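Which chain is which? The protein sequence lines are A and B, in order.
For the first sequence, counting from 1, position 171 maps to 235 in the working numbering; every step adds exactly one.
For the second sequence, counting from 1, position 198 maps to 229 in the working numbering; every step adds exactly one.
Treat the hints with care, as some may be off.
To be verified - Derived lysine to any residue pairs resembling SDA-like cross-links, with alpha carbons at most 20 Å apart:
id : chain 1 : residue 1 : chain 2 : residue 2
1  : A       : K192      : B       : F194
2  : B       : K198      : A       : I177
3  : A       : K192      : A       : N154
4  : A       : K188      : A       : L173
5  : B       : K200      : A       : K217
6  : B       : K200      : A       : S199
7  : B       : K117      : B       : P99
8  : A       : K194      : B       : F194
9  : A       : K259      : A       : K217
10 : B       : K117      : A       : K259
11 : B       : K200      : B       : G328
12 : A       : K217      : A       : K248
13 : A       : K170      : B       : K200
14 : A       : K231      : A       : S199
Note that these hints are calculated values from the structure, not bench results.
Quantities reported herein were computed from a predicted structural model and do not represent experimental measurements.
What follows is the residue order along each chain.
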Amino acid sequence: MIVVQNLNAGYRRLQVLFDVSASFQVGKINVIVGPNGSGKSTLLKSIFGLTSVYSGSVKFNGVELTGRPPHDIARLGIAYLPQLNKVFENLTVEENLLMAGYTLNKSRLLEKIEEVIEIFPIIKKYRKTKTGLLSGGERQMVATAMALIREPKVMMFDEPTSELAPKMAKSVLEKIVELRDKMKMTIILVEQNAKKALEIGDRSYLLVGGRVAFEGGCRELLSHPQLSTLYLGLR
Amino acid sequence: MVALSLPLIRDAVIFASLLTMLSTGLTLTYMTTRVPNFAHGEFATMNVYLNLALVQVLGLSPYLGVVPSFFFGGLVALLLYLAVLKPLLDRGANYVILMIATIAYDMILISIINIIADYLNRVYKIQTRLFQLKGLDLDLLGQPMIFTVAPALSLIIITVLYFFLNKTKFGIAMRAAIENPSLAEVIGININLTYAFSWFISGGLAGLAGALLPLYMTCNPDIGVRLLISIFAASIVGGLTNIYGAFLGGLLIGLAETLGTGYLSIMVGPWIVPYRPVIPLSLMLLTLLFAPRGLTGVDWRKLLRREAEA
Ligand SMILES: Nc1ncnc2c1ncn2[C@@H]1O[C@H](COP(=O)(O)OP(=O)(O)OP(=O)(O)O)[C@@H](O)[C@H]1O
Ligand SMILES: [Mg+2]
Numbered sequence: 065m066i067v068v069q070n071l072n073a074g075y076r077r078l079q080v081l082f083d084v085s086a087s088f089q090v091g092k093i094n095v096i097v098g099p100n101g102s103g104k105s106t107l108l109k110s111i112f113g114l115t116s117v118y119s120g121s122v123k124f125n126g127v128e129l130t131g132r133p134p135h136d137i138a139r140l141g142i143a144y145l146p147q148l149n150k151v152f153e154n155l156t157v158e159e160n161l162l163m164a165g166y167t168l169n170k171s172r173l174l175e176k177i178e179e180v181i182e183i184f185p186i187i188k189k190y191r192k193t194k195t196g197l198l199s200g201g202e203r204q205m206v207a208t209a210m211a212l213i214r215e216p217k218v219m220m221f222d223e224p225t226s227e228l229a230p231k232m233a234k235s236v237l238e239k240i241v242e243l244r245d246k247m248k249m250t251i252i253l254v255e256q257n258a259k260k261a262l263e264i265g266d267r268s269y270l271l272v273g274g275r276v277a278f279e280g281g282c283r284e285l286l287s288h289p290q291l292s293t294l295y296l297g298l299r
Numbered sequence: 032m033v034a035l036s037l038p039l040i041r042d043a044v045i046f047a048s049l050l051t052m053l054s055t056g057l058t059l060t061y062m063t064t065r066v067p068n069f070a071h072g073e074f075a076t077m078n079v080y081l082n083l084a085l086v087q088v089l090g091l092s093p094y095l096g097v098v099p100s101f102f103f104g105g106l107v108a109l110l111l112y113l114a115v116l117k118p119l120l121d122r123g124a125n126y127v128i129l130m131i132a133t134i135a136y137d138m139i140l141i142s143i144i145n146i147i148a149d150y151l152n153r154v155y156k157i158q159t160r161l162f163q164l165k166g167l168d169l170d171l172l173g174q175p176m177i178f179t180v181a182p183a184l185s186l187i188i189i190t191v192l193y194f195f196l197n198k199t200k201f202g203i204a205m206r207a208a209i210e211n212p213s214l215a216e217v218i219g220i221n222i223n224l225t226y227a228f229s230w231f232i233s234g235g236l237a238g239l240a241g242a243l244l245p246l247y248m249t250c251n252p253d254i255g256v257r258l259l260i261s262i263f264a265a266s267i268v269g270g271l272t273n274i275y276g277a278f279l280g281g282l283l284i285g286l287a288e289t290l291g292t293g294y295l296s297i298m299v300g301p302w303i304v305p306y307r308p309v310i311p312l313s314l315m316l317l318t319l320l321f322a323p324r325g326l327t328g329v330d331w332r333k334l335l336r337r338e339a340e341a
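Could you build the full structure based on these sequences and the hints that come with them?
Okay, structure coming up:
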């Protein structure tokens with residue numbers, strides 16, 4: 065379980081998160097929603113040690129994560145699919161996949177690569193292509209494949225369906241449900257499409273202006289009379 | 032037109048080859064740490080004197096000295112990264128601060144080199160200023176062996192670098208860390224380790240060049256500064272962010288500098304020789320003005336097509 069407590073964090077002198085507390089449940093899909101700029105990505109980055117943390121703590125199964133270098137956190141079994149710059153554009157697709165499994169041993173890695181190619185068959189024909197030459201959606205698939213290769217205990221997705229055609233977006237969300245149900249993975253999901261995410265999710269957090277404005281079940285947030293219209297554009 | 036003379040061509044080939052070892056290293060650390068390293072010339076000079084001591088004090092062959100020089104050069108560079116640059120980077124220093132730090136390190140190294148030169152001279156009675164080791168070179172097919180060793184070593188190095196960066200896991204990780212450090216960290220790559228390694232390799236390659244320099248030219252404690260001009264010119268002509276560009280830049284600058292100075296001294300007189308750095312400096316300026324991304328940044332295919340159509 066990942067527990068965030070009274071976290072104040074940001075980028076050097078610019079504070080973005082204010083006193084954020086959250087506990088992300090094991091084996092569940094934890095959805096984070098909120099308006100643009102509300103600090104959703106910053107929260108994920110802070111869990112991974114990529115921001116300046118001023119105070120507060122982030123614990124993973126009791127282990128303090130703040131102050132640790134990100135490559136250490138990766139080895140604890142947490143994977144993170146960033147919203148931006150999520151692939152190495154100068155590397156071929158195959159090199160990206162190899163790098164994604166940096167912490168795995170060779171034979172396991174090759175197995176996992178075959179597995180993700182089955183999920184995203186399109187990757188196969190681009191194996192030797194520089195990733196920077198792919199379309200936005202294709203890159204998104206490579207990035208998602210990279211995250212899945214690592215067989216993490218916790219998987220953090222930052223807008224995994226942006227740039228994908230509706231059909232592909234649907235299958236990525238289905239894949240996330242499958243990760244929860246079959247692999248018992250803990251998911252933290254940030255989504256622009258709040259409605260779709262809340263429909264598949266279990267627990268939800270609404271961030272507004274860097275603060276937690278709501279915490280509770282996904283159904284509860286979906287049917288919340290004010291919050292859903294005010295912040296999520298649902299009527 | 033003056034005919035090509037063998038000694039001139041030989042000098043040009045040797046210098047160009049040694050320069051590639053220096054420019055690829057400078058480019059590598061620029062790519063990882065994003066700092067133009069002004070101490071790079073001294074990584075070579077330190078090993079000019081290490082090898083001089085090995086040869087004159089211990090009686091080793093100058094060619095055997097390349098091995099310890101590689102490791103010593105690597106350590107001198109690693110120390111700059113670990114003791115100076117890394118702590119500054121952790122505090123969020125920008126590249127200007129880092130650059131000034133490399134200049135400071137350079138000055139310290141120059142002092143150390145002078146101390147070593149004086150010490151060797153006083154204690155072992157070795158000539159340590161304006162000296163060369165050409166007399167100790169071996170003969171290969173009627174030519175000094177350095178004429179074969181320098182270009183061969185240069186080719187081996189660029190080939191090994193290519194395989195390292197493209198075929199090994201750690202090498203690909205280094206390219207990943209260069210392109211996107213935070214994503215590299217996120218997937219478990221220790222970017223600090225890849226950066227440190229790039230400094231070691233860079234210093235090591237400079238060490239190789241330094242060990243071989245006295246077989247080619249007259250050396251003095253201050254040659255690092257003169258070399259630095261050619262090294263920077265080579266890296267900039269090569270595009271500054273491309274190892275293979277730096278290699279080509281090293282060849283180009285090395286040949287242009289040596290052949291240019293040679294011809295000019297025959298044509299206008301030997302008084303022109305001290306102005307030798309004007310050649311790399313002007314090539315560097317021309318690159319910055321007309322092809323700021325260097326040789327490798329130019330879209331040659333498009334350019335050639337346009338030429339063909341015109
Ligand atoms: N690398 C950065 N350096 C400085 N400020 C940043 C950086 N990244 C984000 N910010 C700022 O932090 C605030 C929160 O950004 P964040 O990316 O966390 O929002 P978000 O909720 O993920 O928004 P979106 O829905 O648009 O992705 C914004 O005001 C943004 O300008
Ligand atoms: Mg975001």
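Checked hints:
1. A:K192 - B:F194: At roughly 16 Å apart (the allowed maximum being 20 Å), B:F194 and A:K192 satisfy the hint.
2. B:K198 - A:I177: Measuring from Cα to Cα gives roughly 17 Å; hence the hint holds.
3. A:K192 - A:N154: Holds, at roughly 12 Å.
4. A:K188 - A:L173: holds, 16 Å
5. B:K200 - A:K217: violated, 24 Å
6. B:K200 - A:S199: violated, 26 Å
7. B:K117 - B:P99: violated, 25 Å
8. A:K194 - B:F194: holds, 18 Å
9. A:K259 - A:K217: violated, 25 Å
10. B:K117 - A:K259: violated, 45 Å
11. B:K200 - B:G328: violated, 27 Å
12. A:K217 - A:K248: holds, 8 Å
13. A:K170 - B:K200: holds, 10 Å
14. A:K231 - A:S199: Satisfied, since the Cα-Cα distance of roughly 16 Å is no more than 20 Å.
Checked against the numbered hints given earlier, the structure breaks hints 5, 6, 7, 9, 10 and 11 and satisfies all the rest.
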